[in-house]
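So the chains spell out like this:
There are 2 protein chains.
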Amino acid sequence: MELLLDACDDEYGGVVVDHGKLPSNPSAFASMLRNSLSDWRRKGKKGVWLKLPVEQSELVPIAVKQGFEYHHAEKGYVMLTYWIPEEEPCMLPANASHQVGVGGFVLNQHKEVLVVQEKYCTSSNTGLWKLPTGFINESEEIFTGAVREVKEETGVDSEFLEVIAFRHAHNVAFEKSDLFFICMLKPLSDKIIIDNLEIKAAKWMPLVEFVEQPKIKGDKMFKRVIEICEARLRHRYCGLSPHRLVSTFDGRPSSLYYNVVDGDDDSSHSNCTADFY
Amino acid sequence: MELLLDACDDEYGGVVVDHGKLPSNPSAFASMLRNSLSDWRRKGKKGVWLKLPVEQSELVPIAVKQGFEYHHAEKGYVMLTYWIPEEEPCMLPANASHQVGVGGFVLNQHKEVLVVQEKYCTSSNTGLWKLPTGFINESEEIFTGAVREVKEETGVDSEFLEVIAFRHAHNVAFEKSDLFFICMLKPLSDKIIIDNLEIKAAKWMPLVEFVEQPKIKGDKMFKRVIEICEARLRHRYCGLSPHRLVSTFDGRPSSLYYNVVDGDDDSSHSNCTADFY
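Each protein sequence line maps, in turn, to chains A and B. Per full-length UniProt numbering, residue 1 is the first one in the first sequence, and the count goes up by one each step. Per full-length UniProt numbering, residue 1 is the first one in the second sequence, and the count goes up by one each step.
If you are wondering where the hints come from, they were derived from the structure by calculation, not from laboratory data. Hints may be right or wrong, so weigh each one.
[Stated by the list, open to error] List of simulated lysine-lysine pairs, DSSO-like, C-alpha gap at most 27 Å: (1) A:K65 <-> B:K43; (2) A:K111 <-> A:K21; (3) B:K75 <-> A:K21; (4) B:K75 <-> B:K43; (5) A:K21 <-> B:K21; (6) A:K75 <-> B:K200; (7) B:K21 <-> B:K51; (8) A:K46 <-> B:K200; (9) B:K21 <-> A:K215; (10) A:K75 <-> B:K119; (11) A:K65 <-> B:K215; (12) A:K119 <-> B:K75; (13) A:K203 <-> A:K217.
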């Protein structure tokens, strides 16, 4: 009798080799994978997902030799795929495509903005005072990530108000795209304690002085962002605020970011007419 | 003399093994990798990036055995990393964390919304008429992706108006997070030609009828999205529109999404007072 790999069906006519125990002997794995592929082909299966834990990395070249392609990898495993139907285009979904960053615009009642100088930056940006920024963590909310990054880099506590704009750029790290959310935050403390690992210096800087830095002044993108923040302070601009909602459609709790609509009585974090102080 | 791998320095005190030729002999690779690691350690290097092309997958288990971890993978390669300083926490940036989807709200002058039924969906959603949705392609703009998805699924040409809201959800595909942008589009044609691979049916459906579907009506998230779209039609809501800007900061052309600020004379795709028809 032919030995087959443990696999389960997915909703899209494919199979997933994930939870089962994989043979530790490479040649046993090679023959089981070959048998399984014939079996799946016979049964009209489409996409095959093969998850190989890092502890069994010696199985990777065997799967590649049988025609598997890399799909994605995380610290603990590499996921390989195989599309069986030769006459149909591959319908397997792509790998994650974006990194998500946040920047915090934190202004105090003296019209001073919270700024940092980074330890690691390109030489042309040395000495530039910039907003605290960073990537959001796995499964982290944008509003949580913005508050955390500000706290980590500067020690300042803050309250999230709104996403006021976002930037979409491509071919950033590892050729991936980047979504960067510019967030308005209200400071809840003012004492600065910097994170020595990433940050060289941090301070409260008069907004006028911040804007006058040549790098900021000469940059259309930055200029526009600052204009928006200033318009928001004058209640002439309305950003998007997060509202926690559970979709019964997929049962998933998630955050929907939008303006406050007329008649909206949702207890959101903020709305366009909210004062900062 | 000890043979070392071809490597170049990065800006963060680390090294990258990428463009050089890797030895095809696994045991030669094993010894060169070991020598290189000692050499980098001696030189005080921090993070090591090792990119192994799929054609040399037999080198993967060798690197893993020497302590390398998977970082990410794409069809053609797997990227492994090694953090040398034992006394410092690993500062290597994470892998891409998000998938980005778009949904198109396309309403015609008869107050009919463009809807589809998907071929592959969970059994509880069979028969549901929903907005055309999809993931954006690698390096694709949100505004381009929304127009493309509507065209592919329904054959209808449209013009992008605004991102009216976005949803952030976690642990979606491969435990990654998901950002879903709800976009308002203006139809430029009305003839429907469906994409047989993904779509079972598409049609123009009266908005009132669309909203009355139990799955939509009973879902807080959908209900809110439809309310926002309706508010937008009455000029009581303002979404974010894309503006192409080049940042001199990093020289990268990108799209900044924001409301139109007073005094803004930018020729953007739309603004809050723009009529649909």
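To see whether the hints hold, each was checked on the structure:
no.	hint	in the structure
1	A:K65 <-> B:K43	violated (37 Å)
2	A:K111 <-> A:K21	violated (61 Å)
3	B:K75 <-> A:K21	holds (25 Å)
4	B:K75 <-> B:K43	violated (33 Å)
5	A:K21 <-> B:K21	violated (36 Å)
6	A:K75 <-> B:K200	violated (39 Å)
7	B:K21 <-> B:K51	holds (11 Å)
8	A:K46 <-> B:K200	holds (19 Å)
9	B:K21 <-> A:K215	violated (40 Å)
10	A:K75 <-> B:K119	violated (34 Å)
11	A:K65 <-> B:K215	violated (46 Å)
12	A:K119 <-> B:K75	violated (34 Å)
13	A:K203 <-> A:K217	holds (19 Å)
Of the numbered hints given earlier, the model fails hints 1, 2, 4, 5, 6, 9, 10, 11, 12; all others are met.
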